[in-house]
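J.: Sequence:
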Amino acid sequence: MHMGDYHNNHTLWTEILPGGHHWSGRIQKGAILQFKALGANANVALFCVNAEDKLERYNMPDSLKGQHTAFLSTGHVLYSDLGRVMASIVKDEHGWNDALCAPSTKVQIEKQFGTQTFQDARNDMYRNGRDSLLLEMTKFGLSTQDLSATVNLFSKVVPNDAGELSYVASNHTDQIIELRFEMDCLLFLSAAPHALDNSAEYQPADIQLSLFKANTLAETDICRDSCPQNQRAFQNNNRYYALSV
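Start counting the sequence shown at 1; every next residue gets the next number (the UniProt record's numbering).
Hints may be right or wrong, so weigh each one.
Distance ranges between label pairs, derived from CB positions [unchecked claim]:
(1) I16 <-> S73: 19 to 27 Å
(2) Q145 <-> L243: 25 to 33 Å
(3) T216 <-> K106: 42 to 50 Å
Dumping the calculated EDC-like pairs for lysine to aspartate or glutamate here, alpha-carbon to alpha-carbon at most 20 Å [what the hints assert, rightly or not]:
(4) K106 <-> E136
(5) K29 <-> D53
(6) K29 <-> D221
(7) K106 <-> D197
(8) K29 <-> E110
Hints are computed from structural coordinates only; laboratory data are not their basis. Just so you know, these numbers come straight off a predicted model, no measurement behind them. Ideal Cβ positions, reconstructed from N, Cα and C, are used throughout, including at glycine.
All chains should be modelled from the sequences, with the hints used to inform the complete structure.
T.: Shown next, in the form of structure tokens:
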């Protein structure tokens with residue numbers, strides 16, 4: 001698929017999420033958010049909730065079970081815990097986004113990279129995914145009990161014969177992932193390293209965020225029609241927004 005297949009390529013806004021930093025905001029239904037990796041070691045831990053009802057949130061088990069997959073990529077959607085579609089992955093140049101591992105923790109980052117505090121390094125401090133997401137979530141009245149599993153964009157993990165997961169390192173520079181939002185969402189992002197990242201140094205890539213207006217869904221849609229369960233979930237969205245203009 002070409003970049004313009006799901007939007008008109010007219011950027012509404014763009015900004016840089018520096019490597020290791022965090023971001024949050026409201027993304028409206030009918031928007032496409034593009035993530036572009038500006039360096040080799042990209043990872044974006046993503047969590048979202050319904051902006052109108054924060055008790056409805058991204059549900060990892062249903063997303064994987066309903067689509068018969070162990071990872072998320074083009075044609076997959078992010079299910080809420082009420083059986084609706086929160087966002088659709090309409091473009092994925094990386095080809096594999098980890099949905100099994102949680103965001104990295106302080107203990108994991110310190111064990112892998114050591115400690116670099118704000119007092120010592122200011123904005124170059126070493127951040128972890130979990131604390132970063134929670135910091136953004138508190139701005140919207142959410143806290144620890146509200147955070148569940150995340151989608152880890154640009155990150156691939158694979159199991160060995162014993163079932164142990166390991167991170168697959170690769171160069172993500174200039175890779176693009178696009179999410180089309182199917183409901184108004186509060187979106188929380190952390191560009192800290194993946195929990196299993198085996199890099200020698202703390203060098204998470206910057207991420208360019210760009211927002212576009214999505215095209216109207218075509219008669220056949222790569223995400224809605226990828227499986228019957230997705231079609232039913234989109235129908236749930238249609239009922240939820242039945243009175244929307």
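J.: Is 25 to 33 Å a correct range for the gap between the Cβ atoms of Q145 and L243?
T.: holds (32 Å)
J.: In this structure, is the beta-carbon distance linking T216 and K106 contained in 42 to 50 Å?
T.: Given about 44 Å between the Cβ atoms, the range holds.
J.: How does the Cβ-Cβ distance of I16 and S73 compare with 19 to 27 Å: does it lie in that range?
T.: Between I16 and S73, where Cβ atoms are some 25 Å apart, the hint holds.
J.: Under the criterion that the straight-line Cα-Cα distance not exceed 20 Å, is the pair K29, D53 satisfied?
T.: Cα-Cα ~14 Å, so holds.
J.: Holds or violated: are the alpha carbons of K106 and E136 at most 20 Å from each other?
T.: OK: K106 and E136 at ~16 Å, within 20 Å.
J.: Regarding the pair K29 and E110, is the alpha-carbon distance no greater than 20 Å?
T.: Cα-Cα ~38 Å, so violated.
J.: Decide if the proposed pair is consistent with the structure: K29 and D221, CA atoms, cutoff 20 Å inclusive.
T.: Roughly 16 Å separates the two Cα atoms, so the pair holds.
J.: Straight-line Cα separation of K106 and D197 no greater than 20 Å?
T.: holds (13 Å)
Consistency with the previously given hints fails for number 8 only.
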